[in-house]
Amino acid sequence: MNIVVCVKHVPDAQADRGFNESDNTVDRAGVDGLLSELDEYAVEEALKLAEASGGEVTVVTIGPDQAADAVKKALQMGADKGVHVNDEAIHGSDAPATSLILAEAIKKATDGNPELVITGMASTDGTMGVVPAMLAERLGLPQVTYASELTLGDGKVTIRRDNDANTETIEASLPALVSVTDQINEPRYPSFKGIMAAKKKPVESWTLADLGIDAGQVGLANAWTKVVEIAKRPPREQGEIVKDEGDGGTKLAEFLAARKFL
Amino acid sequence: MNSVILSARDVDFLLHEWLDTDALFERPTFAQHSRETVDAVLELAQAVATEKFAPHARSNDLHEPTFDGTTVSLIPEVGVALKAFADAGFLTAGVPEDRGGGGLPTSIISACLAWFHAANTATSGYALLSMAAANLIRTHGSDAQRTLFAEPLADGRFTGTMALSEPGAGSNLSDLLTRAIPQEDGTHRLFGRKMWISGGDHELADNIVHLVLARTPDAAPGTKGISIFIVPKYLVAEDGSLGERNDIVLAGINHKMGSRGTVNTAPVLGDGAHTPGGAPGAVGHLVGEVGQGLPIMFSMMNEARLGVGIAGTAVGYTGYLKSLAYARERLQGRLLGAPPAGPQVALVEHPDVRRMLLAQKSFVEGALALMLYCSRLLDDAVSLDGRAAEEALALVGLLTPIAKSFPAQWCLEANTLAIQVMGGAGYTRDHDVEQHYRDNRLNAIHEGTHGIQGLDLLGRKVLLDRGRALGLLVARITQTAERATAAGGSGEGYAAKLLAMTARLRDVTTRVAVAGGGAEVLAEATAYLEGSGHLVVAWLWLEQWLAAHGKEGDFYDGKRAATAYFFSRELPKVGLWLDTVAAHDGLTTALDPTVL
Ligand SMILES: Cc1cc2nc3c(=O)[nH]c(=O)nc-3n(C[C@H](O)[C@H](O)[C@H](O)COP(=O)(O)OP(=O)(O)OC[C@H]3O[C@@H](n4cnc5c(N)ncnc54)[C@H](O)[C@@H]3O)c2cc1C
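So the protein sequences, as listed, match chains A and B. Per full-length UniProt numbering, the first sequence starts with residue 1, numbered consecutively. Per full-length UniProt numbering, the second sequence starts with residue 1, numbered consecutively.
FYI, nobody ran anything at the bench for these hints, they're computed from the structure. Don't take each hint at face value.
What the hints assert, rightly or not - Cross-link-like lysine-lysine pairs, in silico, PhoX-like; alpha carbons within 25 angstroms at most:
{"id": "1", "chain 1": "A", "residue 1": "201", "chain 2": "A", "residue 2": "81"}
{"id": "2", "chain 1": "A", "residue 1": "48", "chain 2": "B", "residue 2": "83"}
{"id": "3", "chain 1": "A", "residue 1": "201", "chain 2": "A", "residue 2": "107"}
{"id": "4", "chain 1": "A", "residue 1": "193", "chain 2": "B", "residue 2": "83"}
{"id": "5", "chain 1": "A", "residue 1": "193", "chain 2": "A", "residue 2": "48"}
{"id": "6", "chain 1": "A", "residue 1": "200", "chain 2": "A", "residue 2": "81"}
These figures come from a predicted structure and were not determined experimentally.
Assemble the whole structure, with the sequences as input and the hints as a guide.
In structure tokens form, the structure reads like this:
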């Protein structure tokens with residue numbers, strides 16, 4: 001089975017992340033970026049399925065020049081080929097626009113017939129988690145999201161979704177789109193061999209024009225959502241010290257209850 | 001990402017801004033690699049070291065290996081980490097391509113290994129032993145030995161040991177007693193006791209490949225009578241399948257001050273604990289020719305000693321980063337003249353704490369530069385032609401005792417300072433730095449003690465080819481000094497100091513060594529080693545200063561500050577050491593030990 005994985009290049013959460021002052025978009029140039037950790041699970045799951053069933057894994061990303069690193073990392077892990085959609089007009093795109101571009105790129109990469117699309121559960125920068133659903137809709141595929149276990153068989157995909165209080169088993173006919181959580185597997189490291197092999201793997205670079213998308217459908221100016229204001233997180237406040245005068249436990253419980261932790 | 005294991009920024013500076021590693025990729029030997037590959041490999045090393053090695057460094061120390069008389073048990077994280085190391089390809093990434101490896105330059109491998117040692121030097125020990133054993137068999141073994149032993153070592157199915165030392169033969173291997181008796185089937189049977197053997201038994205792998213030094217019957221006395229044998233824990237059939245348990249078992253394990261996670265063992269060979277083929281005696285396979293044991297072992301010495309240097313450097317480095325992070329956070333006291341009711345300042349504000357941090361920085365970053373410089377010389381030796389390759393090899397031979405000893409002494413001193421910077425906290429087991437000190441203390445002892453390195457340098461290396469290697473070193477130092485003079489500013493002063501001290505080293509060397517020094521001169525070999533070590537590191541600081549010249553920012557200012565520290569506070573010590581050598585006053589040779 002041939003599998004497409006959507007991956008995102010995000011600012012390293014360990015670095016000092018920030019926003020562009022001019023337009024309130026995430027600063028992607030000023031910090032080190034990496035393949036979103038949550039997408040590594042999607043890549044790993046695709047690699048495992050492809051290894052078992054003998055198909056190819058294609059990774060698709062949208063982003064500026066440095067986003068190529070996310071594709072490269074996935075190729076180093078073992079994916080077979082990459083697609084990088086890179087166009088200045090994409091800057092500032094919201095989730096609907098992102099899903100539109102992804103849908104067109106996936107159609108082009110699979111001649112209109114994707115068999116299985118896997119995504120992470122959310123990006124570690126935007127953390128909206130809505131793109132998988134939008135993408136499934138645009139591709140006309142059933143969506144099964146938040147999979148912590150995935151099995152294929154008989155023309156269908158079955159997932160387990162762990163909720164707070166229960167576990168659901170959900171089935172969908174193939175082709176389908178699945179988003180996976182960080183519980184589904186342990187992503188592999190790239191290997192030295194993988195790093196060497198990745199240099200020879202094909203990566204397509206497409207613009208909006210290549211996908212037949214009009215710049216007026218995407219970008220900051222056409223976004224349905226807008227970041228209105230950004231404020232730095234206030235410095236951490238001094239902790240509250242509870243003195244134990246025999247009633248320490250009660251005070252602690254009251255403290256937690258007041259903050260709705262209990 | 002800011003790590004307290006190692007500084008990726010510094011590694012990048014040394015490899016790219018200083019050593020111009022990209023130039024290697026233009027040479028046929030390394031043409032298949034590029035900046036992109038090596039950056040990805042370094043990132044991989046950082047990730048595996050950070051996620052699989054560092055997390056159990058502490059518990060590896062607290063739960064040291066145990067031995068119940070039959071089996072050695074380690075904490076399970078060790079095996080998981082070593083599997084990740086093997087799966088990532090690090091066991092073979094540095095092996096030349098024509099020997100089935102990845103052909104990465106040694107300078108890159110060394111930088112990767114620094115990540116692993118800094119994260120967890122004890123667990124790294126197993127992987128390094130396997131790499132060294134595989135390397136030796138690949139270079140000196142037969143085709144069959146390569147297939148049966150080197151390959152499984154290279155993919156992590158087997159692990160290796162180096163079984164040289166014995167209870168009565170440590171620094172002086174010529175006194176070793178283990179015997180190897182030739183058998184009709186071409187194998188040997190070995191009998192004897194070994195001591196201090198790292199990784200000598202455990203359940204980490206399907207098999208353990210011991211490389212054992214032993215004496216054949218009628219062998220010449222001394223070093224010429226020593227041969228080297230492959231002694232597997234389980235016999236290996238021609239088709240690679242594992243057979244009977246070999247007659248090599250443990251008398252016990254040693255309980256060490258540090259590096260506890262690497263099990264240290266006292267193996268017994270041929271006591272009849274097992275009887276392979278129905279008879280006692282450990283089955284061994286000769287590597288190379290009879291009597292070639294030490295030459296074969298020593299052909300791997302530059303790499304092995306450099307490996308110890310990298311371990312010492314890395315453990316010093318991580319201690320520096322951890323004490324620095326602590327000094328930036330901890331508030332204590334006020335600066336001179338500040339109002340007593342005012343806010344407390346961070347430790348890093350106190351001049352004496354800064355002194356200790358700067359000293360650490362100058363030792364660990366200087367040592368890392370030395371490790372990568374020597375590694376680069378090894379790369380030059382295999383990728384340049386004729387004379388240039390030969391010169392690189394001669395120079396790395398001269399620098400090897402220094403590369404082994406400087407970190408063992410001064411990065412250990414850095415670990416002491418890291419404890420000192422952290423005060424009481426540094427002395428507790430709540431923090432890592434006390435363990436770093438204990439772990440690092442080993443590096444002046446194994447792979448040739450500090451004293452033995454001094455003898456190697458003064459008694460042998462500087463004398464080879466009538467002092468040719470020292471001449472090459474002086475020429476390179478002189479070139480650096482010329483560039484620093486041309487750069488101007490403080491470069492001129494550094495250059496003058498460096499040249500003066502270099503002239504003194506050459507002068508003392510010619511007078512005492514080349515002219516034929518006696519026991520009184522060799523008695524000062526350690527002073528000579530330490531003096532040349534500091535001089536070489538001062539030189540490499542001036543090289544770093546030049547690589548940072550004209551560049552702005554905290555990182556480069558840090559390089560300039562550490563250069564200033566090393567030239568003003570450390571380089572002058574060279575004069576004292578060299579004075580001792582020049583005087584060779586016979587204080588220790590003439591001494592009557594009864595007065596001690
Ligand atoms: C943790 C650990 C791991 C080890 N791992 C291994 C291993 O895997 N394989 C292996 O084969 N060995 C191993 N060793 C052994 C190590 O190489 C020896 O300990 C070392 O060579 C010193 O030998 P020794 O301990 O017998 O000390 P000695 O040789 O007794 O030396 C004691 C002191 O005397 C000095 N000295 C000795 N001879 C001279 C001389 N001629 N001139 C001047 N000074 C001298 C030494 O410098 C040293 O300071 C390990 C040791 C340790 C502690």
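Verification of the supplied hints:
1. This hinted pair checks out: residue 201 of chain A and residue 81 of chain A have alpha carbons roughly 6 angstroms apart, not beyond 25 angstroms.
2. Distance check on the hinted pair: residue 48 of chain A and residue 83 of chain B sit about 19 angstroms apart at the alpha-carbon level, within 25 angstroms; holds.
3. At most 25 angstroms may separate the alpha-carbon atoms for a hinted pair to count; residue 201 of chain A and residue 107 of chain A meet this at roughly 20 angstroms.
4. At most 25 angstroms may separate the alpha-carbon atoms for a hinted pair to count; residue 193 of chain A and residue 83 of chain B meet this at roughly 15 angstroms.
5. For the suggested pair residue 193 of chain A and residue 48 of chain A, the alpha carbons sit about 18 angstroms apart, so the restraint of at most 25 angstroms is met.
6. Taking the CA atoms of residue 200 of chain A and residue 81 of chain A, the gap is about 10 angstroms. The hint holds against a cut of 25 angstroms.
Violation of the numbered hints given earlier is absent; every hint is satisfied by the structure.
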